[in-house]
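Residues per chain are reported as follows:
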Amino acid sequence: SAVISQKPSRDICQRGTSLTIQCQVDSQVTMMFWYRQQPGQSLTLIATANQGSEATYESGFVIDKFPISRPNLTFSTLTVSNMSPEDSSIYLCSVGVADTQYFGPGTRLTVL
Amino acid sequence: EDKVVQSPLSLVVHEGDTVTLNCSYEVTNFRSLLWYKQEKKAPTFLFMLTSSGIEKKSGRLSSILDKKELFSILNITATQTGDSAVYLCAVLPFGNEKLTFGTGTRLTIIP
Chain U
1 SAVISQKPSR
11 DICQRGTSLT
21 IQCQVDSQVT
31 MMFWYRQQPG
41 QSLTLIATAN
51 QGSEATYESG
61 FVIDKFPISR
71 PNLTFSTLTV
81 SNMSPEDSSI
91 YLCSVGVADT
101 QYFGPGTRLT
111 VL
Chain F
1 EDKVVQSPLS
11 LVVHEGDTVT
21 LNCSYEVTNF
31 RSLLWYKQEK
41 KAPTFLFMLT
51 SSGIEKKSGR
61 LSSILDKKEL
71 FSILNITATQ
81 TGDSAVYLCA
91 VLPFGNEKLT
101 FGTGTRLTII
111 P
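Protein chains in written order, with this note's numbering: chain U, 1 to 112; chain F, 1 to 111.
By construction, these hints were calculated from the structure, which means they are not laboratory data. C-beta: ideal position from N, C-alpha, C; glycine also. Hints are all accurate, no fakes.
No more than 30 Å apart at the CA atoms, straight line, and that leaves these computed lysine-lysine pairs for DSS-like: (1) F:Lys37 x U:Lys7; (2) F:Lys98 x F:Lys3; (3) F:Lys41 x U:Lys7; (4) U:Lys65 x F:Lys98; (5) F:Lys98 x U:Lys7; (6) F:Lys37 x F:Lys67; (7) F:Lys57 x F:Lys3; (8) U:Lys65 x F:Lys41; (9) F:Lys3 x U:Lys65; (10) F:Lys67 x F:Lys57.
Non-contacting residues of chain F with respect to chain U, defined by C-beta distances greater than 10 Å in every case (computed): (11) Thr18; (12) Asn29; (13) Ile73.
Starting from the given sequences, assemble the full structure and let the hints guide the process.
Okay, structure coming up:
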């Protein structure tokens with residue numbers, strides 16, 4: 001398995017601002033992912049964070065809105081830019097290990 | 001496009017009851033099926049299934065996969081209030097690492 005930490009745990013932000021979420025893993029992993037879970041919904045993949053190259057974004061998500069960094073094999077950040085109330089969600093990072101994915105504790109973001 | 005359907009969407013039972021949660025899927029190049037429990041924010045890993053007919057068991061929870069009929073079930077026996085959560089099913093294909101999640105089953109256990 002993998003032990004994953006995320007910061008911040010939660011935040012309340014004003015519209016138009018940006019928030020950077022950090023994800024730290026206790027071991028080196030090739031695959032790291034960022035998900036969003038809007039209220040009452042299931043998880044939606046935002047992007048795959050690739051070490052040493054640009055992230056791969058899913059349909060409906062763009063780099064300008066959700067820039068991602070992956071400076072090494074244990075760390076990644078997701079920025080939610082120019083936030084609006086529609087960005088209020090839980091943001092989760094996950095890592096792939098063997099045939100499984102493990103999730104971090106999540107960041108609950110509220111945009112006013 | 002990969003697809004995962006869970007049923008029922010919600011379930012309310014009394015403490016001590018046994019419940020069965022269902023997950024059916026359509027996926028190209030099936031690799032594994034995963035069950036998670038989500039109480040507040042983070043999905044907690046429960047089981048990973050790759051082979052048909054082999055039951056995975058952890059305490060009062062068990063799960064099995066049928067790759068011919070493309071479904072899995074999650075059983076919880078002697079339910080407790082701490083079992084109240086959303087249970088998520090997801091499939092992982094070969095060729096990429098993209099999980100496709102179902103909408104989840106919200107389980108509520110009444111004392």
